[in-house]
Amino acid sequence: METFKEQDYDKKIDFGLWRKLLRFLKPYKKLLLLLSVVMIGVSGVDVILPYMNKYAIDNFVETGNLDGLWKFGGIYLVLVIIQVINIGVFIAIAGKIETSLPYDIRKVGFERLQQLSFSYYDKTPVGWMMARMTSDIRRLGEIISWGLVDFVWGFAMMIGIAGVMLSLNWKLALITLSVVPFLAIISRYFQKKILKAYRQVRKTNSRITGAFNEGISGAKTTKTLVREEENLKDFQHLTGKMRSSSIRAAIFSALFLPIVLTLASIGTGLSLWFGGQGVLMQTISYGTLVLFISYTTQFFEPVSQIARILAELQAAQASAERVMSMIETDLEVKDSREIVEKFGTIYNPKKENWPDITGNITFENVTFEYKDGEKVLENFNLNVKAGETIALVGETGSGKSTIVNLACRFYEPTSGKILIDGVDYRERSLEWLHSNLGYVLQSPHLFSGTIRENIKYGFLDATEMDIIRASKLVNAHDFISNLESGYDTDVGEGGGKLSTGEKQLVSFARAIVSNPAIFVLDEATSSIDTETEKLIQHAIDKVLEGRTSFIIAHRLSTIVSADRILVIKEGKVTEQGNHEELIKKKGYYYSLYTNQFKKEKESTILNA
Amino acid sequence: MKKIRLLWDFMKGYRLMYIGAIFSVCFATLFTLLNPLVLRTTIDSIIGDKPLDLPNWATNIVEFLGGTNELSQKLWICALIIIALTILRGLFLYLKGKWSAVSAESTARNMREKLYDHLQHLNYDYHVKAETGDLIQRCTSDLDTIRRFLAVQSVEIGRAIFIVSLISPIIFSLNTKLALVALIVIPFIFVFAIVFFMKIKASFKLSDEAEGKMSAVLQENLTGMRVVRAFARQKFEIEKFDEKSKEYRDLTYKVVWLLAWYWALSDLLCMLQIGAVLILGTYWAATGVITLGTLVVFITYEGMILWPVRQLGRILTDLGKTLVSLERIKEILDEPIEKIEANESTPEIKGDIRFKDVYFEYDKDRPVLKNISFNVKQGETIAVMGQTGSGKSSLIHLLARLYNYKEGSIKIDGVELKNIQKKWIRKNVGIVLQEPFLFSKTIKDNIGLARKEAKEAEIFEAARVAAIHDVILNFENGYETSVGERGVTLSGGQKQRIAIARTIINDTPILVFDDSLSAVDTETDAYIRKALNSRKNNATTFIISHRVSTLAEADKIIVLDKGELIQMGTHEELIKQPGLYSRVWKIQNSLEQDMDKIG
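Taken in sequence, the protein lines are chains A and B.
Each residue of the first sequence is one higher than the one before, counting from 6 in the numbering used here.
Each residue of the second sequence is one higher than the one before, counting from 58 in the numbering used here.
Watch out, some of these pointers could steer you wrong.
Said to hold, decoys possible - Covered stretches of chain B (chain A as the covering partner; in silico rule of three or more C-beta atoms under 8 Å from a C-beta of chain A): (1) 177-183; (2) 275-289; (3) 300-311; (4) 343-355; (5) 363-372; (6) 469-475; (7) 505-511.
What the hints contain is simulated information worked out from the structure, not anything from laboratory work.
A virtual CB, placed ideally from N, CA and C, is assigned to each residue, including glycine.
When you get a sec, could you build the whole thing from the sequences and use the hints?
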């Protein structure tokens with residue numbers, strides 16, 4: 006579980022990590038450079054504009070000589086136009102990077118997610134991966150694009166202002182700028198505090214959302230337990246905390262601005278004091294004095310800006326770490342280089358080299374353990390002939406699913422071999438096996454789209470005939486035809502617009518449309534109405550014909566009609582044989598059967 | 058207007074403070090504007106030699122400080138005045154920040170608590186039909202929209218209005234013509250900002266929707282990863298995601314592109330405005346129409362006024378959202394809640410129950426229960442069976458007053474149920490729901506949920522009766538194990554047993570199991586019932602179940618069909634009658650026949 010532990014956000018800036026991100030920045034080298042140049046341009050004009058005021062005061066107002074005012078106006082106009090273009094361009098470029106860079110990272114991330122092993126998925130909540138792919142990556146895009154904008158602008162601005170001030174009057178400049186170090190220290194301190202305080206607010210906020218969720222979902226239970234008042238009390242703790250942490254954060258922000266303003270005004274005061282004396286002694290012009298005064302107020306913004314970016318960069322680092330850790334996770338199941346050369350990749354398969362498949366599957370001394378050492382199977386042996394139906398029964402966690410996952414090569418054996426038609430399946434490509442595999446999950450997962458698209462998912466080149474044939478075979482055709490839009494009916498998100506039974510039938514059609522040699526069924530336990538139950542049973546019988554099948558079985562009819570039943574307990578086969586043989590044994594299977602028998606009959610009567 | 062009234066109600070206790078915050082903005086703005094005036098006087102009359110043209114009180118201050126000549130030797134006094142003014146301004150800015158935060162956050166807290174409390178007290182029926190996602194959205198993001206309006210937006214509006222209405226008279230009094238020049242662009246920028254942000258709304262929405270679609274594809278892909286792999290559809294999925302991801306990228310870029318135009322164009326307007334003031338001001342200053350100090354004041358004010366006006370356009374376009382959010386929250390609060398009626402009492406409850414001709418419907422003229430009559434003596438166990446939709450659950454929901462019966466009478470120990478307070482009866486009727494909800498607390502807290510003062514021994518005892526004690530001890534953290542997202546995943550049977558434990562921990566005189574042993578195996582079921590029977594208090598118990606073995610042991614069995622009571626009696630009586638009960642009972646026999654066939 007260490008992959009999604011909460012990270013500590015207060016680390017020092019980790020350059021190694023950011024360097025890793027550089028590979029994503031490569032395509033934007035030119036844009037980033039251009040952006041920096043434009044930002045230097047922006048700050049340049051920002052520095053020059055107050056200087057224009059000085060020039061106007063010294064050369065026109067003070068002298069009363071208006072020669073050149075037109076020219077001055079012209080130059081001003083040019084500056085305005087340059088600046089306006091600069092602004093448009095920098096927003097456009099930063100926006101380009103802000104949107105394209107996350108796109109690139111997402112693409113790589115998504116491709117990685119398509120290849121990561123099931124053990125990764127078993128241990129990583131979907132919500133965690135979602136957050137990495139959406140908000141974390143978005144944040145990286147923002148900090149890199151707009152962070153660069155503010156950073157370059159801020160630095161160039163400070164250097165520009167300091168440069169002009171020093172060149173006009175270095176003594177006055179030094180006096181005025183003496184407040185800058187304090188400004189920098191205070192900004193850095195406050196920005197860190199503010200960011201941290203708001204992070205606390207967000208954390209509490211998500212707890213409040215959770216509490217609302219629980220309060221609403223659990224309202225019925227709350228009523229029966231008469232816990233309304235206690236719940237409210239618990240909730241009030243949270244809202245109280247939310248209130249105080251929000252106020253704390255707001256007060257930090259509210260303190261920051263006045264302190265910076267005061268520091269800046271000390272700068273202004275210093276320039277007025279010493280600059281004014283200079284004007285009186287005529288060592289400094291009026292214009293210079295005005296310029297110094299406006300520069301001091303202009304100075305504080307970049308300083309606090311840079312402090313803010315540094316703080317945000319530290320926070321974004323956590324995002325970067327999590328995203329990179331996801332992208333850099335090792336693949337546990339993948340084809341070796343020779344195999345890829347021979348049979349191609351998922352993106353570029355070389356189907357012409359693919360051998361035919363008969364469907365004999367052999368487990369040879371297979372041991373499987375998770376990365377953390379948890380052993381699920383040990384020296385497991387099994388020989389399945391082509392066309393045979395194997396029913397696996399046993400309790401949750403007995404290892405049934407692992408056997409199926411190994412057969413499908415979703416996992417690979419830690420030691421031992423799995424042979425398909427006598428050849429270790431690692432000597433064939435993943436796609437070769439999966440193209441010959443039909444798979445129906447316990448809770449059928451459909452994708453948004455039409456029924457046709459969902460069936461085609463099993464065989465992208467399926468013709469209309471293929472689709473209808475498959476649907477007819479599994480008894481889905483009738484219900485589909487009765488729908489208003491037939492095969493073009495939208496199934497909704499996750500297939501939500503269809504009933505569970507209908508989803509099952511569609512997923513059966515999907516599984517056999519490509520006529521696979523191997524079929525895997527994780528049978529559903531949830532009860533559905535008798536009518537659909539019959540349809541599904543019929544579908545299962547049809548589907549199993551002539552295919553090597555593994556079934557994690559729950560329904561009696563499926564179990565009874567299997568060629569061989571394996572009772573699995575703690576990763577071992579404890580009973581094996583057909584239905585009659587196992588009943589006679591009067592072991593685990595016998596009690597499982599009698600219990601299930603009662604349950605099914607009862608529910609037939611009571612759910613009619 | 059009602060909506061604003063609602064907001065005003067929630068602000069109770071913090072209204073004065075909020076008004077104080079708005080006044081602070083006003084003062085902060087005032088001090089912001091004084092600074093340039095001090096600079097002007099300093100430049101013109103103290104450093105320069107122009108005569109003072111100040112109001113009397115200001116001239117008096119200058120005189121008090123020693124007059125212009127004296128002050129030109131002590132410029133540090135002017136510097137101090139500027140710093141002092143900034144500190145005052147900062148003080149008010151701070152007060153504004155603090156007061157608006159305290160009042161907005163407190164209002165938000167009031168709203169949250171009111172919403173939560175209201176939701177808890179809404180009718181049972183409301184929660185059966187509730188759309189959780191939508192409700193949460195209203196309680197969180199809609200509420201946040203309102204909070205933000207209070208904390209930031211309305212204060213910003215105040216600031217923009219103050220700054221324009223304070224600056225205008227000052228600059229007009231300094232020089233009318235230049236003031237006109239300085240203000241001419243303001244309405245245009247304001248209108249431009251409003252029009253732009255109205256227009257861009259559609260683009261923002263498109264970008265948001267595209268993000269939603271991209272997330273949906275991602276979510277589907279991740280949850281359906283097994284399907285993707287099993288059919289080797291990675292390439293297909295990558296292309297699908299890429300399409301949505303690209304769409305999101307391009308639509309978002311379009312928004313940025315529009316923003317680039319907006320900022321560039323509005324900056325153009327602003328900078329031309331500043332340029333006009335600078336050049337005309339310079340011209341007039343050079344020709345002696347205005348002083349140098351006045352020019353500096355104009356230039357400074359121009360910079361101050363433009364930004365808030367641009368912001369204002371943006372905020373005003375957002376304002377509609379706040380009203381919509383208020384409306385959505387009001388909708389929840391307008392729903393009626395359960396209350397204590399005047400004629401309701403809290404009698405002692407022992408467990409004698411009489412149903413007489415009870416009629417109940419959810420929707421008009423679609424009876425769920427009709428003519429239900431039966432009696433239960435204190436301490437008896439009643440089993441209820443029936444097909445799906447026969448009204449079993451409704452029957453026991455009536456008992457806990459989760460719904461009110463329409464006709465007939467239910468008497469508990471002789472008192473009409475309608476005259477007993479809802480909370481009181483629920484405290485005396487322990488119900489274990491079909492799909493119990495566990496809270497994300499530790500197992501121990503979940504069991505002790507309804508009994509705050511529960512001792513550890515009592516919790517263990519309840520867990521033992523519910524046959525879950527040993528299971529809990531086997532968890533790594535035992536009773537301290539958390540339930541829910543961050544804790545262990547419990548099986549359906551384990552959840553049911555914890556729910557049983559938390560219900561029986563209060564020795565209620567009436568106990569109801571709404572098919573709450575369905576996910577537990579037969580032996581455990583029998584064990585739990587036996588343990589319950591041997592407890593010291595002999596509760597009147599209702600059990601809804603499918604299991605014949607469970608039903609058979611009850612003192613009385615009730616069979617419901619389409620809302621009517623069709624059979625009632627003991628196990629021995631019912632197996633002799635043809636009907637649902639005897640049919641289910643016969644399964645036992647057919648199994649034996651089945652086994653005989655195999656021989």
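Hints, one by one, checked against the model:
| no. | hint | result |
| --- | --- | --- |
| 1 | 177-183 | holds (count 4) |
| 2 | 275-289 | holds (count 15) |
| 3 | 300-311 | holds (count 7) |
| 4 | 343-355 | holds (count 6) |
| 5 | 363-372 | violated (count 0) |
| 6 | 469-475 | violated (count 0) |
| 7 | 505-511 | holds (count 3) |
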